Amino acid sequence: MANAEMEALDFEPEDDDLMDEDMGDGASSPNRTAAASIPRLKSAITGGGSSSAPKKTKGRGFHDEAAAETGLNARMSARFDTLDSGGGPGHERSVEGWIILVAGIHEEAQEDDLQNTFGEFGEIKNLHLNLDRRTGFVKGYALIEYEKFDEAQTAINDMDGTELLTRPINVDWAFSKGPFRRRDTRRRSPRGPRSRSPRR
Amino acid sequence: MADGEENDEFYLRYYVGHKGKFGHEFLEFEFRPDGKLRYANNSNYKNDTMIRKEVFVTPAVLKECRRIVSDSEIMKEDDNNWPEPDRVGRQELEIVMGNEHISFTTSKIGSLMDVQTSKDPEGLRIFYYLVQDLKCFVFSLISLHFKIKPI
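Protein chains in written order, with our numbering: chain A, 19 to 218; chain B, 94 to 244.
Just so you know, these hints were derived from the structure itself, not from any lab.
In silico DSS-like cross-links for lysine-lysine, where the CA-CA straight-line distance does not exceed 27 Å:
1. B:Lys240 / A:Lys166
2. B:Lys212 / A:Lys76
3. B:Lys169 / B:Lys228
4. A:Lys143 / A:Lys166
If you want the footprint, here are the derived chain A segments under chain B, 3+ residues with CB under 8 Å:
5. 89-99
6. 152-161
Note that the structure is predicted; figures quoted are calculated from it, not measured.
Glycine residues also receive a C-beta, built at the ideal position from the N, C-alpha and C atoms.
With these hints in hand, go ahead and build the complete structure from the sequences.
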């Protein structure tokens with residue numbers, strides 16, 4: 019998966035080329051006609067998109083010229099830092115440990131509930147149980163860091179699909195080494211070489 | 094929400110920024126359909142430099158991001174009555190979910206007062222809180238993975 023490795027480390031140069039292709043010298047908004055394809059989005063995400071159905075669009079961003087001037091291309095074409103992990107399939111270790119995502123958490127859950135339940139698998143190095151900014155209740159997810167891979171893996175195996183405070187939770191890894199492919203994605207872009215088709 | 098949605102495309106990008114005395118200061122993050130999460134934070138204040146991080150998140154994380162978005166019901170809103178971006182700054186929120194694609198732009202929102210006195214307080218409030226929830230999510234992911242304080 020050498021190409022996946024490249025994707026993880028380099029920003030795709032072809033996206034930048036696409037921006038030039040569609041925007042000319044950048045003075046004209048790529049989103050001038052809503053009826054046309056949405057080049058800015060298409061360049062930021064995958065080539066032809068997975069569905070051939072036209073999308074319902076809404077919002078000023080599609081025809082707001084000033085948006086083009088904020089320099090989206092430049093911002094997105096720069097090099098971004100990663101943790102160098104080779105880019106293959108599989109879970110990625112974070113700087114000091116392994117991080118799992120717990121989803122479906124009861125809105126009145128407290129950190130202690132998570133500590134008690136997930137602390138069984140190993141020492142919890144970090145726990146983020148974020149609140150809904152509007153309601154003040156728990157937003158519904160937590161990120162938990164274990165030092166060791168096995169601790170995290172066991173937590174996932176044992177807790178995924180179980181209940182916490184009477185609600186079913188899902189537990190899985192948070193980070194991956196490379197891109198994932200959705201099952202029914204058709205990556206063949208009519209634009210040919212620009213497509214980010216998976217190279218399996 | 095229908096099960097089929099999970100296999101539909103999901104993309105999200107948020108930007109907030111302005112150009113001023115300290116250069117182009119901005120915060121931007123992007124969830125791409127293949128799982129790549131990119132985060133950038135730039136300020137020249139006190140000669141600070143750009144922070145740019147990217148990492149692949151798992152489908153579980155994307156699914157949670159989707160849930161946060163769909164629970165907010167932002168996809169039902171429209172920005173045509175929201176304040177336009179101005180010299181103070183701009184925000185951009187672009188989301189693709191299934192067959193819907195929104196691209197909203199507005200000015201910076203200082204506080205709930207700005208929301209309440211706008212022409213579309215209901216919609217803007219949804220945007221305001223969604224952005225905060227997304228920032229929390231992204232900051233947690235980035236700071237945990239890279240062990241930095243991303244702000």
